[in-house]
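A.B. asks: Turn these sequences into a full structure, and let the hints steer you where they fit.
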Amino acid sequence: KAGVTQTPRYLIKTRGQQVTLSCSPISGHRSVSWYQQTPGQGLQFLFEYFSETQRNKGNFPGRFSGRQFSNSRSEMNVSTLELGDSALYLCASSLEGLRGEAFFGQGTRLTVV
Amino acid sequence: GESVGLHLPTLSVQEGDNSIINCAYSNSASDYFIWYKQESGKGPQFIIDIRSNMDKRQGQRVTVLLNKTVKHLSLQIAATQPGDSAVYFCAENKSTGFQKLVFGTGTRLLVSP
Chain A
1 KAGVTQTPRY
11 LIKTRGQQVT
21 LSCSPISGHR
31 SVSWYQQTPG
41 QGLQFLFEYF
51 SETQRNKGNF
61 PGRFSGRQFS
71 NSRSEMNVST
81 LELGDSALYL
91 CASSLEGLRG
101 EAFFGQGTRL
111 TVV
Chain B
1 GESVGLHLPT
11 LSVQEGDNSI
21 INCAYSNSAS
31 DYFIWYKQES
41 GKGPQFIIDI
51 RSNMDKRQGQ
61 RVTVLLNKTV
71 KHLSLQIAAT
81 QPGDSAVYFC
91 AENKSTGFQK
101 LVFGTGTRLL
111 VSP
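The listed protein sequences correspond, in order, to chains A and B.
Residue numbering for the first sequence follows our numbering, beginning at 1 and increasing consecutively.
Residue numbering for the second sequence follows our numbering, beginning at 1 and increasing consecutively.
It is worth saying that the hints were derived from the structure and are not from the lab.
Hints should not be assumed to be uniformly reliable.
As the list claims (entries may be wrong) - If you want a taste of the chain B side facing chain A, the calculated C-beta under 7 Å gives, among others:
no., residue
1, Y32
2, P44
3, S52
4, F98
5, Q99
6, K100
7, L101
8, T105
To be verified - Here are the computed distance ranges between Cβ atoms for each label pair:
no., chain 1, residue 1, chain 2, residue 2, range
9, A, T53, B, S112, 45 to 53 Å
10, A, G16, B, P113, 45 to 53 Å
11, A, Q18, B, L110, 35 to 43 Å
12, B, P82, A, Q106, 19 to 27 Å
13, A, F69, B, N18, 29 to 37 Å
14, A, S22, B, V70, 40 to 48 Å
15, B, S12, A, Q17, 28 to 36 Å
Claimed, not checked - With a straight-line Cα cutoff of 25 Å, these simulated BS3-like cross-link-like pairs (lysine-lysine) come out:
no., chain 1, residue 1, chain 2, residue 2
16, A, K13, B, K42
17, B, K37, B, K94
18, B, K42, B, K71
19, B, K94, A, K57
20, B, K42, A, K57
21, B, K56, B, K37
22, B, K94, B, K68
23, B, K42, B, K56
24, B, K42, B, K68
25, B, K71, B, K94
26, B, K68, B, K37
27, A, K57, B, K37
Glycine included, each C-beta is placed from N, C-alpha and C at the ideal position.
C.D. replies: See the structure below:
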């Protein structure tokens, strides 16, 4: 059974640009959640999508957005990139959502220069 | 602000010892807790969860204890092995309004052979 796949693995962007990250969940999982991990702030929850709808949301500005497609694949977009957006972005998929076992991908390492 | 804190940033143990990783949470309304393990270069891996109507839950070589009176969570690993070396995170889930996971800063467990 394939795991959670995130693409790309590494990305370098310039301040002010926008970026789109992709996450393919485990087959049959309808919940996809996104997280930002930095040395300073640790792991922080961004949002969760379930059946194409944003169901839960963390405390990030509107520059961070996402969507989920009918096949449960999800994308996360960050607009007007700032240096502080440099981080490892992780997605996780699960059957139930934020409760229950979630499976994480290896993440996308975003560097903003 | 919201926080889930960890008492020790690094824990060093000998192979075969039992390890105890502690976590303090700040919101008494949290009703669901998870422990994750993250190895270098990988996404977090679900270890075990516990709901607030329980004070103990056991898995394979792991036990989670929840003390709601003092808002404290611990993860016990029996017969620690070198493969257990990783960073361990606790997370709390609050179900009021939007759900979101709040993560602790992490404890690095180092297991010496």
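A.B. asks: Does each hint hold? Answer for all of them.
C.D. replies: Comparing the hints with the structure gives:
With a least beta-carbon distance of about 5 Å to chain A, the hint placing Y32 of chain B at the interface is held under the 7 Å criterion. Annotation: P44 of chain B was flagged as interfacial toward chain A, and the flag holds, the nearest CB pair being 5 Å apart, inside 7 Å. Hint status for S52 of chain B: violated, given a least beta-carbon distance of 12 Å to chain A, over 7 Å. Annotation: interface hint on F98 of chain B holds; nearest CB of chain A at approximately 5 Å, less than 7 Å.
About 5 Å separates the beta-carbon of Q99 of chain B from the nearest beta-carbon of chain A, less than 7 Å, and the hint is met. For K100 of chain B, the interface hint holds, the least distance from its beta-carbon to any beta-carbon of chain A being 5 Å, beneath 7 Å. The beta carbon of L101 of chain B comes within 5 Å of a beta carbon in chain A, closer than 7 Å, and the hint placing it at the interface holds. Taken as an interface hint, T105 of chain B checks out: its beta carbon lies about 5 Å from the nearest beta carbon of chain A, inside 7 Å.
At about 48 Å, the beta-carbon gap between T53 of chain A and S112 of chain B stays in the expected band of 45 to 53 Å. For G16 of chain A and P113 of chain B, the hinted distance range of 45 to 53 Å is satisfied, since their beta carbons lie about 49 Å from each other. Distance hint for Q18 of chain A and L110 of chain B: a CB-CB separation of about 40 Å, consistent with the stated range 35 to 43 Å. Between P82 of chain B and Q106 of chain A, the C-beta spacing of about 22 Å keeps the proposed range 19 to 27 Å intact.
In this structure the hint that F69 of chain A and N18 of chain B lie 29 to 37 Å apart at CB is violated, the actual value being about 46 Å. Hint check: S22 of chain A to V70 of chain B, Cβ distance near 42 Å, so the stated range 40 to 48 Å holds. Judged by the Cβ atoms, the range 28 to 36 Å given for S12 of chain B and Q17 of chain A is violated: they are separated by roughly 42 Å. Proximity of K13 of chain A to K42 of chain B is assessed by CA-CA distance (about 22 Å); at most 25 Å being required, the pair is judged to hold.
Note on K37 of chain B and K94 of chain B: the hinted pairing holds, with a Cα-Cα distance of about 21 Å set against a maximum of 25 Å. A distance of roughly 29 Å separates the Cα atoms of K42 of chain B and K71 of chain B; the hinted pair therefore is violated under the 25 Å criterion. Distance restraint check for K94 of chain B and K57 of chain A: the Cα-Cα separation of roughly 12 Å lies within the 25 Å cut-off, and the hinted pair is therefore satisfied. Of the supplied pair hints, the one linking K42 of chain B and K57 of chain A holds, its CA atoms being roughly 24 Å apart against a limit of 25 Å.
Pair hint K56 of chain B plus K37 of chain B holds up; C-alpha atoms about 19 Å apart against a cutoff of 25 Å. The straight-line distance between the Cα atoms of K94 of chain B and K68 of chain B is roughly 14 Å, inside the 25 Å bound, and the hint therefore holds. Distance check on the hinted pair: K42 of chain B and K56 of chain B sit about 28 Å apart at the alpha-carbon level, beyond 25 Å; violated. Using a Cα cut-off of 25 Å, the hinted pair K42 of chain B and K68 of chain B is violated, with the two alpha carbons roughly 31 Å apart.
At most 25 Å may separate the alpha-carbon atoms for a hinted pair to count; K71 of chain B and K94 of chain B meet this at roughly 14 Å. Between the alpha carbons of K68 of chain B and K37 of chain B the distance comes to roughly 23 Å, so the proposed pair stays at or under 25 Å and holds. Note on K57 of chain A and K37 of chain B: the hinted pairing holds, with a Cα-Cα distance of about 23 Å set against a maximum of 25 Å.
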